[in-house]
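Peer 1: For reference, the chains in residue letters:
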Amino acid sequence: MSENINNNKEPLFSYKNKKLLSNPIGKDNPITIQVLGICSILAVTVQLKPSLVLAISVVAVMGLANVIISLLRNTIPQRIRIIVQLTVIASLVIIVDQVLKAYMYDVSRQLSIFVGLIITNCIIMGRLEGFALYNKAWPSFLDGIGNAAGYGAILLAVAAVRELFGAGTLMNVQIIPDIFYRIGYENNGLFILPPMALITVGVIIWIHRSRDKELIDAS
Amino acid sequence: MEELVNIFVRSIFIDNLVLAYFLGMCSYLAVSRTVKTSIGLGFAVIFVLGITVPINYLIENYLLGRGSLSWLGPGFAEVDLSFLTFIMFIAVIASMVQLVEMIIEKFSPTLHNSLGIFLPLIAVNCAILGSSLFMQERNYANLAEVASFGLGSGVGFFLAIAGIAAIREKIRYSNVLPPLRGLGIAFIITGLMSIAFMSFMGIEL
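Residue numbers (the numbering used here), protein chains in the order written: chain A, 1353 to 1571; chain B, 106 to 310.
Looking at chain A on its own, in the form it has when it is part of the complex:
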């Protein structure tokens, strides 16, 4: 996936650059199509708030990492590039972690180890390897933001479904009115548990692929 983009005289938001930003959110989504970065993340989607924080952290880390690697792309020796990439990502994640600990301590407790696991999130490594190593800083930045946003969109969708059906709230605000509970509606406790995260993602993939027939896996 080494699309080489030469945009010396292009405006900052040319058609091609906009595509870099918008493609990963829909058609080329990192989670449902490229199957990257599912790793650590489903466990934080019990509630919307930690998922939002995590999504923003990933956007920040990924945008910056892509820019840094793309600026360094001519100086990094080919053979040790993985270590260099890991070091850059790890340093950025340490900054994010310290900021979260300083300003949002309870969310940081809730996310526990999953902030650290941004390091091994395969989307970041994948985009560094596949895009930032061969492209200029600005397209790489857009690509990073776009992919992280595509990832964040799935994360938030899963979290919204799980919090709404599991606890009847969104962002800790009650959505399902009291009258429903009096009639006999009950929160579905299964949505709080890990298996439903997987099944929700499965259903999202199903919806995505049935709307866009060319994405169907032939095998």
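Just so you know, the hints here were simulated from the structure itself, not pulled from any lab data. Using N, Cα and C, we set each Cβ at its ideal position, and we do this for glycine too. Heads up, some of the hints might be wrong.
Far from chain B, by Cβ distances over 10 Å, these chain A residues were calculated [said to hold, decoys possible]:
#, residue
1, Lys1370
2, Ala1395
3, Lys1401
4, Val1405
5, Arg1425
6, Pro1429
7, Gln1430
8, Asp1458
9, Tyr1486
10, Ala1489
11, Val1513
12, Arg1534
13, Glu1538
14, Asn1539
15, Pro1547
16, Arg1561
Calculated from the model, a selection of chain B residues having no Cβ within reach of chain A, i.e. all distances over 12 Å [as the list claims (entries may be wrong)]:
#, residue
17, Val110
18, Leu174
19, Asn230
Below, a list of computed lysine-lysine pairs in the DSBU-like style, where the Cα atoms sit at most 35 Å apart [unchecked claim]:
#, chain 1, residue 1, chain 2, residue 2
20, B, Lys211, A, Lys1565
21, A, Lys1453, A, Lys1488
22, A, Lys1488, A, Lys1371
23, A, Lys1453, A, Lys1401
24, B, Lys141, A, Lys1565
25, A, Lys1488, A, Lys1370
Got chain A; can you put chain B on it based on the hints?
Peer 2: Showing chain B alone in chain A's frame:
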């Protein structure tokens, strides 16, 4: 001794890395197309986890944590390097994977051939870093407990990936809805497996 067995069984069934914490999902979905390769990856993960988790425990306790440098002299008793944890752990994992690969290549070329491409892949497997971070968070008492936690987590990953590979081999003969084929159905199967593993949750060890 009893405590060690407890931790081992707990980390296989109750705190299963894949089915309860979704760690290592990427390689879990990418490599589980056939049983043979998934067993290869499973063994490689057991191996690497069994080595890196205890090493990271030693690093945490004698280099990074608050006051852990006191063996250097009283002047170092207050040093707290814990903000370096992530970078240290990932460096240890990457270099250990490299080292393990070289050792296996030297002493057992057959094993090296069968593990082959999976070993370098493991360096960026979230299951490895994840269990080191869990080890840090759960405050195990000594090295033996940490080692049994590492091995148990590896075995848990092995069980999960071997299970899904077997199911995916069989499901090729079934008539799955076209949009669900491949990734979609794999997710739903994993969800069902995870529900099955939840039945271990009530067990008090």
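Peer 1: Test the statement that lysine 1370/A is away from the interface with chain B: the closest C-beta pair must be farther apart than 10 Å.
Peer 2: Holds, because the least Cβ-Cβ distance between lysine 1370/A and chain B comes to about 27 Å, which exceeds 10 Å.
Peer 1: Any Cβ of chain B at or closer than 10 Å to glutamine 1430/A, or is the non-interface label fine?
Peer 2: holds (15 Å)
Peer 1: Please check whether the beta-carbon of valine 1405/A is more than 10 Å away from every beta-carbon in chain B.
Peer 2: Fine: 17 Å to the nearest Cβ keeps valine 1405/A off the interface.
Peer 1: With the threshold set at 35 Å, check whether the alpha-carbon distance from lysine 211/B to lysine 1565/A stays at or below it.
Peer 2: Outside the cut-off at roughly 49 Å; violated.
Peer 1: Run the C-beta distances from alanine 1395/A to all of chain B and say if the shortest one exceeds 10 Å.
Peer 2: violated (5 Å)
Peer 1: Between lysine 1488/A and lysine 1370/A, is the straight-line Cα distance small enough, at 35 Å or below?
Peer 2: With a Cα-Cα distance of about 15 Å, the restraint between lysine 1488/A and lysine 1370/A holds, given a limit of 35 Å.
Peer 1: Take a quick look at lysine 1401/A and tell me if its Cβ sits farther than 10 Å from every Cβ on chain B, holds or violated.
Peer 2: holds (19 Å)
Peer 1: Measure nothing beyond the straight line between the CA atoms of lysine 1453/A and lysine 1488/A; if it is 35 Å or shorter, mark the hint as holding.
Peer 2: This hinted pair holds, its Cα atoms lying about 33 Å apart.
Peer 1: Does asparagine 230/B clear chain A by more than 12 Å, comparing its Cβ with all Cβ atoms of that chain?
Peer 2: violated (7 Å)
Peer 1: Say whether it holds or is violated: arginine 1425/A keeps its Cβ farther than 10 Å from all Cβ of chain B.
Peer 2: Arginine 1425/A clear of chain B: closest Cβ-Cβ about 20 Å, beyond 10 Å.
Peer 1: Straight-line Cα separation of lysine 1453/A and lysine 1401/A no greater than 35 Å?
Peer 2: Satisfied, since the Cα-Cα distance of roughly 16 Å is no more than 35 Å.
Peer 1: Find the nearest Cβ of chain B to the Cβ of arginine 1534/A and say whether that gap is larger than 10 Å.
Peer 2: At about 30 Å from chain B, arginine 1534/A clears the 10 Å cut-off, so the statement holds.
In this structure, the hints that do not hold are numbers 2, 15, 16, 19, 20, in rising order.
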